[in-house]
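Peer 1: Residues per chain are reported as follows:
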Amino acid sequence: MRQRASAMLPLALPMIAIIALFAAYPLAISLGLATQRTFGTRVATDVGPQNFLDALADPLLRKAAWNTALFTIFSVLVQVPIALAVALLLERPRLWARGLIRLALLLPHMVGLAYAGVFGAVAFEKRTGMVNRALHATFNTDLDLAWLENAPITTMVIISAWLYIGLNALILRAAMGDVDPARLGAATLDGASPLSRLRHVTIPAIRPVLGLVVLLSVVGSVQAFELPYVLLQGGGVENRGLTVVTYLYQQGFEIGDLGYASAIGWLLSLVMLALIATTALLSRRSDA
Amino acid sequence: MPALGQTLTPVGVTILAIALASGLWLFIRPDRTPASHELWTFAEGHAEMYEQLVERWEIENDLGITLLSMAALERRMMGGFLSDAPLAGLIEIERRMAARAFAGPVEAIGFTDLAPRLEAEGLLESINPASFGPWRVGNKIFGIPHDVHPVMLSYRADICEQYGVDIGAIETWDDFEREMRKVMIDQNADGEIDHYPIAFGLTHRDQLELLLLQAGGGLFDANAKPMLDSDANAGTLVRLSRWIAGEEPIAADAAWDTAGGQSQLISGRALCSFVPDWQCQVWRNKMPQLAGKVRLLPLPAWEPGARRTSVWGGTMLAIAKGNPHQDELWALAKRLYLSPESARALYEESGIISPIADRWDDPIYDTPDPYFMGQTKGRDYIDLANQIPARHPSVFNEEALDLLSTALSTLVRERRAGEQNDANLAQRAAALLQQAQTTLKSRMQRQGSWRDLEAR
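These protein sequence lines map, in sequence, to chains A and B. Going left to right, the first sequence walks through residues 1 to 288 as the numbering used here numbers them. Going left to right, the second sequence walks through residues 1 to 456 as the numbering used here numbers them.
Bear in mind the hints are in silico, worked out from the structure with no lab data behind them. Computed from a predicted model, the values in this text were never measured in an experiment. Keep in mind that the hints are not guaranteed to be accurate.
Below, a list of computed lysine-lysine pairs in the DSS-like style, where the Cα atoms sit at most 30 Å apart [unchecked claim]:
| hint | chain 1 | residue 1 | chain 2 | residue 2 |
| --- | --- | --- | --- | --- |
| 1 | A | LYS63 | B | LYS225 |
| 2 | B | LYS140 | B | LYS321 |
| 3 | B | LYS225 | B | LYS293 |
| 4 | B | LYS321 | B | LYS334 |
| 5 | A | LYS63 | B | LYS334 |
| 6 | B | LYS334 | B | LYS182 |
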């Protein structure tokens with residue numbers, strides 16, 4: 001066994017070198033930076049763990065964390081069930097224009113977050129925006145509904161659902177292809193309703209992929225930056241749309257405090273690691 | 001173990017070949033260090049103008065001009081300062097970018113201090129003094145000002161005439177509110193007011209800043225220390241909250257730079273808007289429907305006899321400190337920014353008035369502008385140039401503006417909740433601004449910039 005491992009080491013060396021150069025080294029630099037206070041282009045002072053302590057006591061970071069948590073929770077709650085429903089719809093054997101529907105589902109994802117931000121800023125604009133015009137025409141709501149000022153997180157959840165539901169649905173649809181038809185048939189013969197078949201056969205069969213979709217949604221939402229940056233030009237009115245990564249960017253690249261920004265980045269990474277570990281643990285328990 | 005031939009399919013070989021070739025090209029390609037006499041700019045109009053001037057002067061071989069997006073220019077500039085990556089000799093930057101470049105101790109700033117050269121050549125006296133504000137740190141000046149950027153108020157002359165608004169009777173913002181209320185009626189009986197006097201909203205941060213400056217408040221003093229809690233700022237916020245959410249709000253949220261805002265300006269829903277000199281050309285291009293319908297008037301003052309303008313935007317030309325060709329770059333910079341020819345081109349191409357007072361006699365500024373109903377707007381902006389308020393650079397500018405805009409938003413919320421007493425709201429504004437001042441000061445202290453300011 002040891003002989004085999006030593007034979008494989010030379011093969012793995014290039015990858016180890018690449019990881020060391022492009023991942024481990026920058027991480028080490030960033031950890032060092034997190035213990036410095038940087039100001040301007042040439043000034044850095046060692047401050048030990050002070051940046052971390054400051055970050056934990058920073059009310060604006062707390063607000064950003066709260067906003068990010070809300071965005072993450074609602075993104076997952078909206079995206080995953082709808083994606084599952086769309087995937088089931090795509091499973092229907094006699095679905096009309098299946099290819100066209102798939103294309104329509106994937107298109108938003110193909111345009112990317114920056115475009116979605118620009119599009120969202122126009123669509124959710126007061127008075128002239130498509131959303132307010134449609135709501136006004138249908139429900140006679142106020143044309144001046146201030147989505148971006150008063151409800152930026154809701155707006156971001158809607159835009160990110162538009163972006164990702166299609167992709168998630170296609171991933172889930174692919175996983176559903178692996179569900180054993182014999183088990184589904186048996187369940188049908190036993191008189192199980194479609195909902196029961198979904199709950200007791202389909203979902204258990206696609207659980208690993210479902211877990212992956214949830215995990216990707218959580219990680220993507222926790223890292224939200226491009227969307228609020230383009231949509232709100234930062235944190236929005238009263239920082240109602242400020243996310244952790246936007247705040248990190250502001251501190252690091254607008255104020256120039258790279259040390260503080262690194263500390264925030266490390267705290268965010270720890271939170272993400274905890275989330276991933278929790279998801280893995282829950283998934284392992286439910287498998288057992 | 002599979003043979004190499006089995007692993008390397010034609011596709012695999014192609015990918016490998018592309019990877020090797022591109023890697024090799026990256027390795028051997030020539031260094032893309034910018035030419036020593038190179039100018040980076042972020043404004044397309046400026047780049048075109050400089051290219052024409054350089055061609056006319058036949059100095060194409062002496063100066064290369066590179067147009068970059070504002071974000072790219074900032075990244076490259078900061079990259080140069082942080083990591084010694086190559087920089088152009090001349091860099092044209094906007095004032096918010098400059099504030100970031102000026103963070104930290106003065107001696108660490110990556111631009112050349114031009115104060116000695118400006119003083120030696122008598123340019124300190126001939127350039128509009130307030131135009132130096134954003135480029136000055138202590139007694140050092142890190143750029144030649146490109147502009148003055150006074151602000152006027154555009155108004156729909158056709159609609160004002162129709163409703164009998166007496167523009168001549170407007171001297172202060174009180175006069176403005178009183179006169180302009182004449183247009184606030186629902187003539188077409190659709191249940192909505194047809195015209196709102198002014199384009200303003202909670203997200204109009206630039207307009208908020210210019211109004212604070214006009215009122216004698218602002219964000220930072222000459223020593224770059226925050227002055228958020230001034231009485232002038234509190235009074236301004238109370239008035240602006242009334243514009244947005246008073247018993248009879250006069251503001252329509254029509255941003256000049258969004259499609260929705262422009263459609264409100266074109267339809268006349270928003271009647272007046274803040275227009276600095278650089279925006280005139282943008283209006284002409286983006287809202288041609290308004291040609292012959294709009295005019296400009298000096299901003300109404302906060303008090304009778306007080307300042308009738310403010311300032312919005314600003315650009316400078318800086319010389320990279322590490323560049324060995326300082327004298328040649330200085331000569332090029334002067335020619336590009338301070339020559340009579342460039343001053344004329346600047347006005348012709350972009351409607352921007354020169355910062356050099358000696359150039360203001362040029363008859364080009366007296367040319368009637370048909371877009372603004374034949375108004376000699378160049379002369380009108382020049383007449384206001386010496387009134388523009390001073391601004392002082394700080395890397396915390398955006399944070400300060402965030403805090404002020406949050407205070408305004410809070411006042412708007414309180415008005416919407418029923419509190420419409422201006423005296424009570426003034427007290428509330430003072431408290432909010434005091435809190436904002438404390439917050440900003442503590443952030444500056446945390447980062448160490450306060451200590452640096454004390455040292456300056």
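Peer 1: A separate judgement is required for each hint: does it hold in the structure or not?
Peer 2: Verification of the hints:
no.	hint	result
1	A/LYS63 <-> B/LYS225	26 Å, holds
2	B/LYS140 <-> B/LYS321	13 Å, holds
3	B/LYS225 <-> B/LYS293	43 Å, violated
4	B/LYS321 <-> B/LYS334	17 Å, holds
5	A/LYS63 <-> B/LYS334	48 Å, violated
6	B/LYS334 <-> B/LYS182	50 Å, violated
When held up to the earlier numbered hints, the structure conflicts with 3, 5 and 6 and fits the remainder.
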